[in-house]
Amino acid sequence: MIKRIVFLGGPSTGKTSLCEALATSLNTITVPEYGREYWITHQVNRRLTPEQLLHIAKMQNQWEDQAAEKAKEYLLCDTSAFTTWHFAMHYHQQALPELEQLAKDCWSRYSLVVLCGDEIPYDDTWERSGDANRQEFQAFNRTYMQQHNIPYIEVTGSLQQRIETVSKELALEYSLQ
Numbered sequence: 041m042i043k044r045i046v047f048l049g050g051p052s053t054g055k056t057s058l059c060e061a062l063a064t065s066l067n068t069i070t071v072p073e074y075g076r077e078y079w080i081t082h083q084v085n086r087r088l089t090p091e092q093l094l095h096i097a098k099m100q101n102q103w104e105d106q107a108a109e110k111a112k113e114y115l116l117c118d119t120s121a122f123t124t125w126h127f128a129m130h131y132h133q134q135a136l137p138e139l140e141q142l143a144k145d146c147w148s149r150y151s152l153v154v155l156c157g158d159e160i161p162y163d164d165t166w167e168r169s170g171d172a173n174r175q176e177f178q179a180f181n182r183t184y185m186q187q188h189n190i191p192y193i194e195v196t197g198s199l200q201q202r203i204e205t206v207s208k209e210l211a212l213e214y215s216l217q
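Using my numbering, the letters of the sequence shown correspond one by one to residues 41 to 217.
The set of hints was computed from the structure by calculation and includes no laboratory data.
As the structure is a prediction and not an experimental result, all values here were calculated from the model.
Keep in mind that the hints are not guaranteed to be accurate.
Pair by pair, the computed Cβ-Cβ distance ranges are [said to hold, decoys possible]:
| hint | residue 1 | residue 2 | range |
| --- | --- | --- | --- |
| 1 | Glu77 | Met129 | 18 to 26 angstroms |
| 2 | Tyr184 | Ser151 | 17 to 25 angstroms |
| 3 | Gln175 | Arg86 | 28 to 36 angstroms |
| 4 | His132 | Ala211 | 18 to 26 angstroms |
Within a straight-line C-alpha distance of at most 30 angstroms, the following computed DSSO-like cross-link-like pairs (lysine-lysine) qualify [claimed, not checked]:
| hint | residue 1 | residue 2 |
| --- | --- | --- |
| 5 | Lys144 | Lys208 |
| 6 | Lys43 | Lys144 |
| 7 | Lys144 | Lys112 |
| 8 | Lys208 | Lys110 |
| 9 | Lys43 | Lys98 |
| 10 | Lys98 | Lys144 |
| 11 | Lys112 | Lys43 |
| 12 | Lys98 | Lys110 |
| 13 | Lys144 | Lys110 |
| 14 | Lys43 | Lys110 |
| 15 | Lys112 | Lys208 |
| 16 | Lys112 | Lys98 |
| 17 | Lys208 | Lys43 |
We treat Cβ as the ideally placed atom computed from N, Cα and C, and that holds for glycine.
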């Protein structure tokens, strides 16, 4: 059975870099962030509609399900429906009911939730919304998971330190089963 690992965090917290490095280390594959490419092509004034955000969450889940057929032991997921729901709440102060449900249900898809720390330098690229937004998203992620008793680990430090933290967690989880 494939164990799915999801990486969360505000913008520019190293999720993609960590996924890709771990995929190499674990000899498996990643599921990229569907919403990133979709946003670049479809955004209007840096926004997407609630319907577009629902589409993103559905496609992300579909990409995960398709990738799970090719993965080896672990599937590394660069985002989740929860993140898409958070964008809907942030920009529209609400989410479509179906997106809300996908966000609530997403936690059962993952064996491990990894929150990437925001202590690394912010990479201020044109498609990102600023370091203040990163801090707000980071705080929201942490608070939400704590309030909803969603188990997660937080990784900080260099890329190598983050890889080691996740690897140790996976080794511990494997040894307990």
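Right, here's what the structure says about each hint:
Taking 18 to 26 angstroms as the suggested C-beta distance range, the pair Glu77 and Met129 conforms, at roughly 22 angstroms. Checking the proposed 17 to 25 angstroms range against Tyr184 and Ser151 shows it holds: the Cβ atoms sit about 19 angstroms from each other. Look at Gln175 against Arg86: about 18 angstroms separates their beta carbons, and that is not inside 28 to 36 angstroms. For the hinted restraint 18 to 26 angstroms between His132 and Ala211, the CB-CB distance of approximately 41 angstroms leaves it violated.
Restraint check for Lys144 and Lys208: the C-alpha separation of about 28 angstroms stays at or below 30 angstroms, so the hint holds. Taking the CA atoms of Lys43 and Lys144, the gap is about 19 angstroms. The hint holds against a cut of 30 angstroms. Of the pairs offered as hints, the one joining Lys144 and Lys112 holds, with about 27 angstroms between alpha carbons and a cut-off of 30 angstroms not exceeded. The suggested pairing of Lys208 with Lys110 holds, with an alpha-carbon distance near 24 angstroms, which does not exceed 30 angstroms.
Distance hint between Lys43 and Lys98 is fulfilled; the C-alpha atoms sit about 20 angstroms from each other, no more than 30 angstroms. Distance restraint check for Lys98 and Lys144: the Cα-Cα separation of roughly 13 angstroms lies within the 30 angstroms cut-off, and the hinted pair is therefore satisfied. In summary, the hint linking Lys112 to Lys43 is supported, as the alpha carbons are separated by about 9 angstroms, within the 30 angstroms threshold. The hinted pair formed by Lys98 and Lys110 meets the criterion: a straight-line CA distance of about 19 angstroms does not exceed 30 angstroms.
Proximity of Lys144 to Lys110 is assessed by CA-CA distance (about 26 angstroms); at most 30 angstroms being required, the pair is judged to hold. With a CA separation close to 12 angstroms, the supplied pair Lys43 and Lys110 stays within the 30 angstroms bound. Of the pairs offered as hints, the one joining Lys112 and Lys208 holds, with about 18 angstroms between alpha carbons and a cut-off of 30 angstroms not exceeded. Between Lys112 and Lys98 the alpha-carbon distance is near 23 angstroms, which keeps this suggested pair within the 30 angstroms criterion.
Of the pairs offered as hints, the one joining Lys208 and Lys43 holds, with about 15 angstroms between alpha carbons and a cut-off of 30 angstroms not exceeded.
Hints 3, 4 from the earlier list are contradicted by this structure; the remaining hints agree with it.
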